[in-house]
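Residue numbers (the working numbering): 1 to 99.
Do not rely on the hints blindly, as some may be mistaken.
Cross-link-like lysine to aspartate or glutamate pairs, in silico, DMTMM-like; alpha carbons within 20 Å at most [what the hints assert, rightly or not]: (1) 72 - 17; (2) 72 - 32; (3) 72 - 16; (4) 72 - 87.
The hints are simulated quantities; they were obtained by calculation from the structure and are not laboratory data.
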Amino acid sequence: MYTIIGTVTARPETREELASLLMAQVAPTRAEAGCINYDFHVDAADPCVFVFYENWTDRAALDAHLAMPHLKPLFSQLDRLLACPVEIRPLTMLSERAA
Numbered sequence: 001m002y003t004i005i006g007t008v009t010a011r012p013e014t015r016e017e018l019a020s021l022l023m024a025q026v027a028p029t030r031a032e033a034g035c036i037n038y039d040f041h042v043d044a045a046d047p048c049v050f051v052f053y054e055n056w057t058d059r060a061a062l063d064a065h066l067a068m069p070h071l072k073p074l075f076s077q078l079d080r081l082l083a084c085p086v087e088i089r090p091l092t093m094l095s096e097r098a099a
């Protein structure tokens, strides 16, 4: 399994637009081969900070996700929408997976 936390920070003036674009990625991403879970959150203290908690079967599945056509409308606008670059933090699970 390959786990990441992705953090996306909107410019205040583009927050709503970015939130909509990000939310639109949830259903098609969850349907992708290799996606175990893809959970979308907003920071409780900063509404401009969005966080994805993602589990993939392996790194190749994540790489395939990042090349999906449904992400192109989002990726083409990141410079305009984001306050800073996307942060992707890979994680290694130390515990057993919950049943």
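Each hint tested on the structure:
Proposed proximity of residue 72 and residue 17 is supported: the alpha carbons are some 15 Å apart, at most 20 Å. Distance restraint check for residue 72 and residue 32: the Cα-Cα separation of roughly 16 Å lies within the 20 Å cut-off, and the hinted pair is therefore satisfied. Only pairs whose Cα atoms come within 20 Å are accepted, and residue 72 paired with residue 16 is accepted, the gap being roughly 19 Å. With a C-alpha separation of about 18 Å, the suggested pair residue 72 and residue 87 falls inside the 20 Å cut-off, and the hint holds.
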